[in-house]
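Asks: For reference, the chains in residue letters:
Protein chains: 4
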Amino acid sequence: MWGATGYTGYELVRILLRHPDAELVFLAAKIDQDTPIAEIFPVLGGRTDLVCRVDAEPPQLDIALLALPHTVSVMFAPKLLSSGVKVVDLSADYRLRDPADYEKWYKTPHGDIGNLPSAVYGLPEAFRARIKDASLIANPGCYPTAAILGVAPLLGGGMKVNGVIVDAKTGVSGGGRNANMAFHFPECNESVKAYKIGVHQHEPEIREILGDLRGCDVDVLFVPHLVPMDRGICSTCYVSLDTAAAENDVYEIYEKRYADEPFVRVRRDIPSTKDVVETNFCDIAVRSRDKTAIVVSCIDNLVKGAAGQAIQNMNIMFGVPEETGLL
Amino acid sequence: MWGATGYTGYELVRILLRHPDAELVFLAAKIDQDTPIAEIFPVLGGRTDLVCRVDAEPPQLDIALLALPHTVSVMFAPKLLSSGVKVVDLSADYRLRDPADYEKWYKTPHGDIGNLPSAVYGLPEAFRARIKDASLIANPGCYPTAAILGVAPLLGGGMKVNGVIVDAKTGVSGGGRNANMAFHFPECNESVKAYKIGVHQHEPEIREILGDLRGCDVDVLFVPHLVPMDRGICSTCYVSLDTAAAENDVYEIYEKRYADEPFVRVRRDIPSTKDVVETNFCDIAVRSRDKTAIVVSCIDNLVKGAAGQAIQNMNIMFGVPEETGLL
Amino acid sequence: MWGATGYTGYELVRILLRHPDAELVFLAAKIDQDTPIAEIFPVLGGRTDLVCRVDAEPPQLDIALLALPHTVSVMFAPKLLSSGVKVVDLSADYRLRDPADYEKWYKTPHGDIGNLPSAVYGLPEAFRARIKDASLIANPGCYPTAAILGVAPLLGGGMKVNGVIVDAKTGVSGGGRNANMAFHFPECNESVKAYKIGVHQHEPEIREILGDLRGCDVDVLFVPHLVPMDRGICSTCYVSLDTAAAENDVYEIYEKRYADEPFVRVRRDIPSTKDVVETNFCDIAVRSRDKTAIVVSCIDNLVKGAAGQAIQNMNIMFGVPEETGLL
Amino acid sequence: MWGATGYTGYELVRILLRHPDAELVFLAAKIDQDTPIAEIFPVLGGRTDLVCRVDAEPPQLDIALLALPHTVSVMFAPKLLSSGVKVVDLSADYRLRDPADYEKWYKTPHGDIGNLPSAVYGLPEAFRARIKDASLIANPGCYPTAAILGVAPLLGGGMKVNGVIVDAKTGVSGGGRNANMAFHFPECNESVKAYKIGVHQHEPEIREILGDLRGCDVDVLFVPHLVPMDRGICSTCYVSLDTAAAENDVYEIYEKRYADEPFVRVRRDIPSTKDVVETNFCDIAVRSRDKTAIVVSCIDNLVKGAAGQAIQNMNIMFGVPEETGLL
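Protein chains in written order, with my numbering: chain E, 1 to 327; chain A, 1 to 327; chain S, 1 to 327; chain P, 1 to 327.
In short, the hints are calculated from the structure, not lab data. Any given hint could be a false lead.
You can't tell identical chains apart in this list, so a pair holds if it fits in one copy or across any two.
[Stated by the list, open to error] Derived DSS-like pairs: lysine-lysine, alpha-carbon spacing no greater than 30 Å straight-line:
id, residue 1, residue 2
1, K196, K86
2, K160, K30
3, K291, K30
4, K132, K196
5, K132, K256
6, K107, K291
Given the structure is predicted, the values throughout are model-derived calculations rather than measurements.
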C-alpha cells in the first residue's frame with residue numbers, strides 16, 4: 001500500500017490487519033526514512049511490525065492500494081498495472097472520464113491518459129459487475145459516495161429529476177493529515193463553515209456519475225461545510241422532481257433499490273453520522289415535500305468514503321464475500 | 001426578567017449587567033426557592049447580587065423581558081401590558097399572526113388572542129419603525145433570524161423568488177438548558193444530525209415573515225441540523241429565482257440593503273459561525289449559480305438569535321442608540 | 001448479556017459480534033418491551049437480529065456478562081452462579097472485599113455476601129492465574145484499571161512507595177447513558193471540571209488492589225476530572241518513593257513487568273488517549289523527578305476499562321487466546 | 001500594541017475596544033503588508049477601522065502592550081521604555097529574574113539584561129503595590145497565573161509547605177495561532193495528552209514566584225495536559241504540608257487572603273473552566289486530605305492568563321479602577 005501515513009492510509013492498515021483473507025505485505029510513503037508504521041501511528045503498537053518504506057521495491061503483489069494525493073497516483077499506477085498488479089486508487093486521478101475535466105478541476109494536466117479509459121468507478125452499489133472484472137479502480141471521493149448513494153435511486157425510477165442540491169457536512173479528517181490553519185483546532189472547533197460553494201472538485205465527480213446513472217446530464221449544485229468533529233459526512237440532498245412524490249413512494253424506491261446491499265441501510269428515522277462512524281455503512285432516510293425529495297445520507301468519510309470502500313472493491317475483485325473484514 | 005435560568009436568560013443578564021442605560025432590577029424563574037442568580041450561574045459570581053425569585057411581585061418596571069417557554073409567556077404578558085409595562089417576549093407565543101397556525105404548530109390553543117394583533121415581530125432590520133412604537137415585541141426565533149436576514153434582500157429587489165430551501169446547522173444550546181438524551185454529550189458529540197425535516201415549528205415563522213416582506217406567499221422548506229458545538233447557526237439558503245443572476249448583482253443587492261445596518265455584515269468571503277459567536281452580528285455571504293442564489297447567513301443563536309436581538313429591540317423602543325450594550 | 005442498553009453493553013455486543021469463538025445468544029435490559037438491539041443502537045443495523053428482552057428466561061449459557069448498575073448485578077449473579085453459569089460482573093458489586101466498605105461507598109448494604117468471597121478481581125495483568133479458575137469475576141472499574149496498571153510495577157520492585165496521587169481525566173461516556181445536566185452537551189462541552197475530589201467510589205477500589213499487590217496499605221488520593229470528549233482516560237499518577245529513582249530505572253521496571261502482556265504498551269514517548277481509544281490497550285509512560293515517579297496511563301474507559309477487559313477475562317476463563325476478538 | 005495577530009493580540013483588541021478609559025491607537029504585527037485588523041479577525045468587522053502595521057512608527061503612546069513571542073519582546077521594549085512609554089510585556093522575556101535561567105529554559109541568551117532588574121511580575125494579587133509604580137511589567141504566563149493564585153495563600157499562612165505538584169489541563173488556544181500537527185484538529189480532538197512533564201518552561205516561573213512569596217525555595221513539579229477545548233486552564237494543585245490541615249481551615253485562609261480581590265472567587269463547590277471562560281476571574285476551591293491540600297484553580301488562559309491580566313495591570317499603572325473594561 002502506498003500513502004500509509006495519511007488518515008486513509010491508517011484506516012487501510014487497520015482494516016487489513018483484521019482481514020482474514022488478505023495479507024498486508026508492503027507499506028510506502030513519502031517520509032524521511034524507513035519507519036515502523038507503529039511509530040507513525042502509536043495506536044498500531046503491538047499489532048504489526050510492518051515498516052513503512054521510502055522507496056523500496058515492493059514484493060510480488062496481487063493488488064496495490066494507492067492512498068496518495070492526486071497527481072501522485074498516476075506516477076505509480078501505470079507500472080503496477082503493466083506488471084499485472086490490480087490497482088485501487090483512492091486519489092481523484094482516475095475518477096473523471098474526460099482528462100480535460102481533470103485539468104479544469106485539479107489545475108494540472110492528467111498524467112496517465114492511457115489507463116484512464118479502463119478505470120472503473122468503484123462504487124459497488126452502482127457498478128459491481130464492472131468492478132469484478134476491473135484491473136484499475138477509481139475509488140470514489142467521500143462526498144460523492146454519500147451524495148451518489150443518496151440520489152441514485154431516484155434516477156433509475158419512474159421519476160424525472162430536474163436538479164439536485166447537495167448540502168454536505170463533513171468532519172475535519174476529510175481535510176487530510178497536514179497542519180493547516182483552516183484545520184487548526186482553535187480555528188475550526190466550535191464552528192461551522194461553508195466552503196468552496198459550487199467550486200469544489202467533487203462536484204463534477206457527482207455530476208458525472210449521476211449523469212451516467214440517469215443516462216443524461218443532471219444539474220448538480222454541491223455545497224460542502226466543515227463541522228467540528230473528527231469523522232463523518234451527512235449529505236442532505238434536495239432533489240427537484242417533475243411531479244410531487246408521496247414520501248412513502250420515495251421510501252419504497254429506496255427500500256427496493258438497496259434491499260440486497262450489505263452496506264446501505266434505508267431507515268425510517270433520520271440517521272446521525274454517529275450511527276455510521278467507524279463502519280462501512282451508508283445510512284439513508286428520505287422525506288418529501290411537494291416536488292422535492294429530501295434525502296439524508298450519512299457515511300464515515302474515511303471508511304465507506306475511502307478505505308472501507310476500497311476494501312469492499314478489493315473483496316469484489318477477488319471474489320471473496322463483500323463484507324469480509326468490514327463488519 | 002422572567003425565565004432567568006435558561007441559556008437565553010443568562011445571556012440577557014450578562015448583556016444587561018454591561019448595558020450603560022439599563023438597570024436590571026428583577027429576575028424570576030420557575031425554581032424551588034429564591035436563589036442568587038450567581039449560584040445558578042457561577043460565572044456571574046462577584047458581578048451581581050441579584051436574586052432570582054420564584055413568585056415575588058416585580059417592582060415598577062419600564063420593560064419586561066420574557067425568556068420563557070412558549071405557552072408560559074402568555075401567562076405573564078397580558079398583566080404586564082395592561083399595567084403599562086412594555087414587553088419583549090422571547091418565546092414563540094406572539095410570533096405567528098394567526099392563532100390557528102400557533103395551535104397547529106405548537107399543539108395547544110393560543111392563550112392570549114387579545115394581545116396577539118398588537119405584537120410586532122422584532123426583527124429590527126425589517127420592522128424597525130414599528131418596533132419603535134410597539135408595546136409588545138415578538139422576538140424572532142433563532143433559526144428565523146438567520147434565515148430571514150439571509151433571504152430578505154432578494155424579496156424586495158427586482159428578482160422573482162420561486163422558493164427557498166433553508167439548510168440550517170445549529171449548536172446544541174439551541175435545545176435549551178434541560179437534560180435530554182438528544183443533547184447528552186456522548187450522543188450528540190462527534191455527530192451531525194438532521195431533524196424535524198420540514199416539520200420544525202420555525203418553518204411557518206420563516207414563511208410568514210418572508211411572505212410579509214415579499215407581499216405574497218413564499219415557498220419555504222426548512223431543514224435543521226444539530227452540530228456538536230455550543231453556539232452558532234449557519235443557515236445555507238438556496239433561493240430559486242426566475243432568472244439567472246450574476247453573483248455580483250446579488251452581492252450588490254445585499255450590500256445596499258444592509259449598508260446602514262449596525263449588526264449585519266455582508267462579506268465577500270464566506271463566514272464561519274466562529275466569526276459571530278458572542279456577538280450580535282449576522283454575517284452574510286452570497287454566491288450564485290444559474291437561477292439559484294446561495295446565501296450563507298451566520299449568527300449566534302443566543303445573541304442575535306435571542307438575547308442580543310431582544311436588547312437591540314429594547315434599545316430601539318427606548319430611543320437609545322441601537323448598539324448600546326451590544327458591542 | 002444483561003444491561004445491553006448502556007454504553008458498556010453496546011461495546012460488549014460490538015466486540016462479541018466479531019469474536020470468532022463466542023456466540024452472543026441472549027440480551028436483556030430494563031426497557032419497556034422486547035426490542036431489537038439494532039433499534040436501540042442504529043449503528044448495529046444490518047449486523048444482528050438479536051432482540052433485547054425485558055424479562056425472558058435466558059437459554060443455556062456458558063457465561064453471563066452483567067453490564068448492570070451496582071446493586072442490580074447482585075440480583076442476577078447468585079442464580080446464574082448456582083446453575084453453573086460463569087459470571088463476569090461489570091458493576092462494582094463484587095469489587096470490594098469487605099461488605100462494610102461497599103456499604104460505606106455505595107450507600108447501601110451488599111446484596112450477595114455469600115458469593116463475595118469467591119469473586120476474583122478481573123485485572124488479567126495482576127490476577128491472571130486466579131481468573132483462569134474463577135466462576136465469578138469482578139470486572140475492574142475504568143479508573144482503577146488505568147491507575148492500577150500505572151502504579152502496580154512500582155509496588156513489586158525494590159522501591160518503597162509512600163503514597164500515590166492519581167489525577168485522572170475521563171471522557172463523558174464514563175458517566176453512563178442517562179440524561180443528566182452534568183453531561184448535557186452545553187454544560188460539559190468546552191470545559192474541564194474536577195469532581196468528587198477524594199470521595200469517588202473508585203478510590204477504595206484502587207487502594208484495596210494496590211494494597212493487595214504491595215502486601216500492605218498504600219496511601220491513595222484519587223482526583224477525577226471530566227473532559228469534553230466521548231471516550232478515554234488519562235491517569236497521571238504521582239508516586240512518592242522513599243528514595244530518588246532514575247527515570248531509566250523506572251522505565252526498565254515497567255518494561256520488564258509488562259514485557260509479555262498483550263495489552264499493555266510501555267512507551268518512551270507520552271501517550272495520548274487517542275492512541276488507545278477503540279482498543280483494549282493500556283499505554284504507559286514514566287518520568288521521574290527526585291523521589292517522585294510520574295506515570296501516565298491511558299485506556300479507553302469502555303474497552304480496557306470495561307467491555308474489552310470483560311472479554312479478555314472471558315477468553316482467559318475459557319482458555320482461548322487472550323487477544324481473541326480484541327485486536 | 002505589538003503582536004496583534006495572535007490569540008492574545010485579538011483578546012487585547014477585543015477588551016480595549018470596550019474599555020472606557022483607554023484608546024487603542026496602534027497595532028503592529030509581523031505580516032506581509034498593512035492590513036485592517038478586521039480582515040485578520042472577521043469577528044471584529046464593523047467594530048474598528050484600525051489597521052495592523054508592518055513596520056510603521058507608532059504615534060505618541062502612554063503604554064505599549066507587547067503580545068509577542070519570547071525573544072521578540074526584547075527587540076521592542078528597550079526603545080519604548082527609553083522614550084518614556086510604559087510597557088506590559090506578555091511574552092516570557094522579563095519573567096525570570098536570572099538571565100541564566102532564561103537561557104536555560106528558552107535556549108537563547110537574554111536580549112535585554114539592562115531592563116530585566118526593573119521588570120515587575122504583573123500578578124496584581126501578589127504584587128499590586130509594585131505594579132502601580134512600574135514602567136515595565138512582565139505579564140505572567142497562563143499556567144503560572146492559575147498555579148500561583150492557587151497555591152500562594154498557603155505560603156503566607158502558618159502552614160509549612162513541603163512541595164507542590166501542579167497538574168494542569170489547558171485548552172488548545174494556549175498553543176498559539178500557528179498551524180502545527182500537535183494542534184491539528186483530528187490529532188488533538190477527542191484526546192487528552194500530558195506533555196513536557198517536568199520540563200515545561202513555565203515550571204521555573206512558578207517556582208520562582210512561589211519562592212518569592214514564601215521567602216525560600218519551594219519544590220514544584222509541573223505537569224501540563226492538552227485537552228480538546230478552545231480555552232480555559234484547570235490547575236489541580238497538590239500541596240504537601242508539614243501537618244494535617246482541616247479543610248475548613250484551609251478554606252478560611254483562602255477566603256481571607258482573597259476577600260478584597262476583584263478577580264478571585266473562592267468557592268465551596270468545585271469550579272469548571274466554563275465558569276471563568278471569557279472572564280478575568282480565577283475561581284478557586286480547596287479540599288484537604290491528611291497532610292495534602294488539594295486546590296483547584298481555573299482561569300481563561302487568554303484573559304486572566306494573558307490579555308485580561310495585562311489590562312488589569314494597565315489599569316493599576318494608570319490609577320483607574322482595576323475592573324475597568326474587564327467585567
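Asks: Now, for every hint given, state plainly whether the structure supports it.
Replies: Hints versus structure:
Within a single copy, K196 and K86 get their C-alpha atoms no closer than 34 Å, and across copies no closer than 46 Å, so neither meets the 30 Å cut-off. Proximity of K160 and K30 under a CA criterion of 30 Å is satisfied in neither setting, with 47 Å inside one chain copy and 48 Å between copies. Taking the shortest alpha-carbon separations for K291 and K30, neither the intra-copy value of 50 Å nor the inter-copy value of 44 Å comes in at or below 30 Å. Proximity of K132 to K196 under the C-alpha cut-off of 30 Å is found in neither arrangement, the shortest distances being 35 Å within a copy and 40 Å between copies.
Taking the shortest Cα distances, K132 and K256 sit within 30 Å of each other inside one copy (23 Å), while across copies they are farther apart (50 Å). Proximity of K107 to K291 under the C-alpha cut-off of 30 Å is restricted to the inter-copy arrangement: shortest distance 27 Å between copies versus 37 Å within a copy.
Hint compliance for this structure: hints 1, 2, 3, 4 are broken, all remaining hints hold.
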